[in-house]
Each structure stands twice: as structure tokens, then as C-alpha cells.
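> Chain by chain, the residues:
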Amino acid sequence: MSVEPAVMASRSAVAQPVRQGGVRINDVVKIYGAKDTGLLAVDHCTFEVPPGEITVCVGPSGCGKTTLLNAIAGFHSITSGSIYLDDEMLCGPGKLKAQPGPDRIVVFQNGALFPWKTNIENVTFGPIMQGVMPRAEADDKARAMMADAGLRGIEHNYPGEISSGVRRRVEIVRALMNNPKILLLDEPYRALDSLTKSVMHEALLEIFYKNRVSIFFITHDLEEAIFLGHKVVIMTTRPCRPKKILDIDIPHPRDYSVLTTKRFREFMEETVAAVHEEAIKAFAAGEKER
Amino acid sequence: MVAAARAISGKLTGFVAGDDFWRGVVAIAAFLIFWEAGSRSHAWFGFSFPWVSQVPAPTAVLQAMFRLVQEPSFWNSTFLSTLRVFEGFFAAMLIGIPLGLAMAVSRTFFGISFPVFEVLRPIPPLAWVPASIIFWPTQELSIAFVTFLGAFFTIVINVIGGARAIDVRYFQAARSMGSSTWDIFRRIILPGTLPSIVVGATVGVGITWAVVVAAEMISGGGSAGSMGGAAGGGLGFFIWNSYVGGSYTQIVAGMISIGIAGYASSAALRKIGNLMTPWLSEN
Ligand SMILES: Nc1ncnc2c1ncn2[C@@H]1O[C@H](COP(=O)(O)OP(=O)(O)O)[C@@H](O)[C@H]1O
Ligand SMILES: [Mg+2]
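Quick note, the sequences are listed as chains A and B, same order.
When we follow my numbering, the leftmost residue of the first sequence carries the number 1, and every step to the right adds one.
When we follow my numbering, the leftmost residue of the second sequence carries the number 1, and every step to the right adds one.
A few of these clues could be false.
[Said to hold, decoys possible] If we take Cβ atoms under 7 Å as the criterion, some of the chain B residues that face chain A in the derived model are:
1) Phe117
2) Arg121
3) Pro124
4) Trp128
5) Ala165
6) Gln172
7) Arg175
8) Met177
9) Gly178
10) Ser179
11) Thr181
These aren't lab readings, by the way, just hints derived from the structure by calculation.
Backbone N, C-alpha and C define an ideal beta-carbon position, used for all residues, glycine too.
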């Protein structure tokens, strides 16, 4: 083990210049509608999304995961509590709604590429809106990033002309073009078949290893959660708050062979009961997502 | 070369030999034969078919049309109606699209304008004819106004519906990526509403043709002094005059002309619409 410390230092400096994009969720409550008669979606929820890691949030449909993510993204207000991005308060006392911004980009549950823009126009949308690069430079960068993600040749197609798996990848590239501190992924692979899903998982990990952007990933698929996450937060049924938080100590980089390991099965066994219990409660309560 | 020629001929056979094509041909031929036989039933079979025997035969109409297309007065009528359709239609687009967008984006404006809009909307455009003749200084303007109304409500309703139906995630994504309110209007709301604008325009122009002809008949039929013969007043006047003059073949020829003009307008708008919304074309 005689690796030169200088080389190691410089490598880690290239891969992760500053670890940023950590989110702290602090005693957050979200009630839809009036405080006393409204619908309690998130109840005194506290947990952390460490910078430079993948944190996966698992919970039954309708438990309040999207609600939480929308609060981080700044799409709606919280009722009380606070949310921090690194040292900056996004929302909290006196400012209950965060300002949406390119430092937190959402990849939506059913995808939100603009259908009237070609794939490359979608990918360059952020930098052009923010005025951080001229169009030609944005085009070059987009082309390079798309090629890197295996998306060569569809630049000038419309999103409606490509498969939903490929659309999801374009959307992630569009997100990365904004240099976000954190990616917020809301069940991005939900509509995909399991084979496509496994390809997408490895592609996402590859993107993560290259960019080391923090990722907050929502799913109701436990296997997906354990496979991707450094940390898995299992949510209670609505109102949602963490029921169990696990550090997944399976080393990164991971690939699909991980699924058959003993450690992976242990994590599954440790959590499947907890998730199942919440799923039954949610089913009994007739929970629906929006 | 050979491959290209084969591809083209393949496409042609694909269309010409397609089942739908032949069904269409057979249906139209059967319709024409029935019509011809019906209207000549007295001469051919010695008894009169009810209703159809009153209608001039297609061959007679064809002869009338052949004569008509050589007459400048017919083209003048067609031109006048077309002009009114365009005036009314463009005015409806010009006012209807911004109005619909404003109603869709502003709650306050919607609250103020929608009730008025909804009270006026069910009034058939033709019910406006008398009032329109009274309010507008010239007959030309009153016909154009009624034509405008025909397309206006359809366009506004489509714009509001289209803009409202834009998925909220597009707005959220655009906001996150740093769009200003103006960017959102220009890059999300406008293109997001465009397909509905195209639908509204295509439907609206059809209504416009229906309305212009009726408005010409009513307003012209009422004021005999301003009729100025068939040459003066558009296809509606033309049909009405043919009726007054007892030329039944010309009535049907005029009707067919309107059908063709309406179809051509809708087809042209659909074509323009397809060019403007390339992301919707199924390749
Ligand atoms: N805008 C809203 N107004 C009222 N209730 C809502 C709204 N959005 C979501 N809800 C409700 O909040 C609960 C949590 O929804 P959501 O966060 O979408 O769940 P999840 O993403 O975990 O499936 C559900 O009961 C849902 O019906
Ligand atoms: Mg959800």
C-alpha cells in the first residue's frame, strides 16, 4: 500500500473540489390548506442529505415525499421548520417558501422536458436562461455532455421522438448543465420496465461518479434505494417523517453484481419489514398521491 | 435513381391502391350516381323521387360551374367573401389570442372578463346581424364584424384551455433554471398554447365561412337597394340572387364553391399549423 499521498490528494481534489450540496431538513411540517383543518403531509421531519452523496428516500405512495422535495426545490412553502442548503437557509422562520434556483434541479416523476424544444435546446435551456454562456458555447458543452451520457445522434430530435428511458437521461443531462449543488430526483424511473431501470441505475451511478453532485432520490422501490444510496431514509406513511435511517456501507463504485451479495440481502431483510408495514398502513388509509 | 423512382411509385400505389382510397372513390361515385338518377328520375323512370328530384343533377351543376368559372362576376363574389373571411378571421386571431392568454395568466382579469365573455358566447353570430348593421357605419364592416364573432369565441376558448392545460412542472422546471416571468411567457406559455391556437384557428375559419355567407344573405336580402346584382356582394349574395332568379343549378354551384373554399382554408391552416408545431408531427 505505497500510494503516493500527493497523487491521492490531487485525484480527490479533481474528483471533488469542494463537497457541497448538503441539505438539512429541520423539524419540517407541511400542512396543505388551513392549519387546523388541512391535510398534514409532513410531520416534524428531520434528516440530512450529506454533501456529495446519494440519499434515497423510500416510502409508500402518497406519504409526502414529493411534498418534501417540492419544499426543497422552492415550488411551495412549508408550514414550519427550516431547510438548509449547506450554510444557506432555503426556507424557515420568516421565509416559508424557498426561492427556486439552478443550484437545486428537479428531475420530475413523469419527466418535464419541454416537448416543443429539441433535446439539445432542452439541455442548453438552463445556461442560456441564466446567461452564463453564449449559445455556441452552451451548444458545444451540451453536445459533449450528451455524447458522454451515450446520447449522441438525438440532439435534434424532439423528446416525443425518443424512448422514455432516453428522455430521462436527457433530463438528467439538462439538470447537470446548470451545475447544480444537488439533484432532486422524484421517482424518475417509476414508469420504466425493470430491465431499462437497471440500465438507468448504472448510468446514473456513472454520472454520479463523474460529477460527484449530491443526489436526493425519491422512490418506493426498496431494492433501487439500497442499490443506489449511501444512505436510505425510510419514511412512515402520511404524515411522513423518517421511520428508519440506514447507512449502506456497500462500497462505491457499485454495479449490478452488488444485488447478489450477502450484505445487500441483509439490508433488504433489515428494511423490507419496515417498508411493508408502512405500505399496509398507507393501503388501509387509501393514500393517493397527486 | 431507380430506388428513388421505386420509392415514389411505391408511395403512389400505397395511396392509390389503399383500401381507404378505394372506399372513398366508391362512396363518392355511388353518391353521384344516386344523385344523378334521383334528379333525373322523372325523365328516366317515369316517376319522381321525393326530394332528390327537386335538386339539379350533378352533370347540370358541373355545366353551371364550368360556365361560372369563366365569369368575372363569380370570381368577384368569391374574392369578396374570401376577403371578408380573412378580415374577420385575422381580427379574431389578433384580438382573441392575446385576450385568451391574458385571461389564462391573470386571475383578476379572468374574474372580470370571463362572465361577460360567457354571456356573449352563446349568442349565435347571426343574431348579431341586425345590431351590427345598426352599429357599424357600412354594410361591409357589419358583415366583417359578424364574421369576426364567428371565429373569435372559438379561438379565445381554445387559447384559454390550451394555456391552462400546460403542465405545472414545465413552469417549475423553467423557474428552477432561472427563467424570468417574460421568459416563461415566451418560452413556455406561448409554445405550450400553440397547438390549441392551431386547433382554434382551424375550427374557427370553418365557422367563419359558415357565418360570412349567411351574413351576406341576411344583410343583402334585407336591403334590396344595396344588392347591386350578383356581382356586388360575395357568395352569399350570389346564392341568394340565384334563388331569386330561379337558377337552381347556380345555387348548388355556389354551395359547392363555398364547400371547396372552406375546405381549402382549413387545409391551409392545418398545413401552416403543422409547420409551426413540428414537435407534434408523428414521423
Ligand atoms: N397541492 C396539494 N394540495 C392538497 N393536498 C396535496 C397536494 N399535493 C399533495 N397533496 C396530498 O399530500 C399527500 C402527500 O402527497 P405527495 O407528497 O405527492 O406523496 P408522495 O410523493 O409520497 O407519493 C397526499 O395525500 C396528497 O394527496
Ligand atoms: Mg410523489
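> Next, verify each hint and record whether it holds.
Each hint, compared with the structure:
1. Phe117: Violated - the Cβ of B/Phe117 stays beyond 7 Å from chain A, reaching only about 27 Å at its closest.
2. Arg121: 29 Å, violated
3. Pro124: With Cβ-Cβ at 35 Å, over 7 Å, it is violated.
4. Trp128: B/Trp128 check fails; min Cβ-Cβ to chain A is 36 Å, beyond 7 Å.
5. Ala165: Constraint on B/Ala165 not satisfied, violated at 13 Å.
6. Gln172: Holds. Min distance 5 Å.
7. Arg175: 4 Å, holds
8. Met177: 4 Å, holds
9. Gly178: 4 Å, holds
10. Ser179: This interface hint holds because 5 Å falls under the 7 Å limit.
11. Thr181: 12 Å, violated
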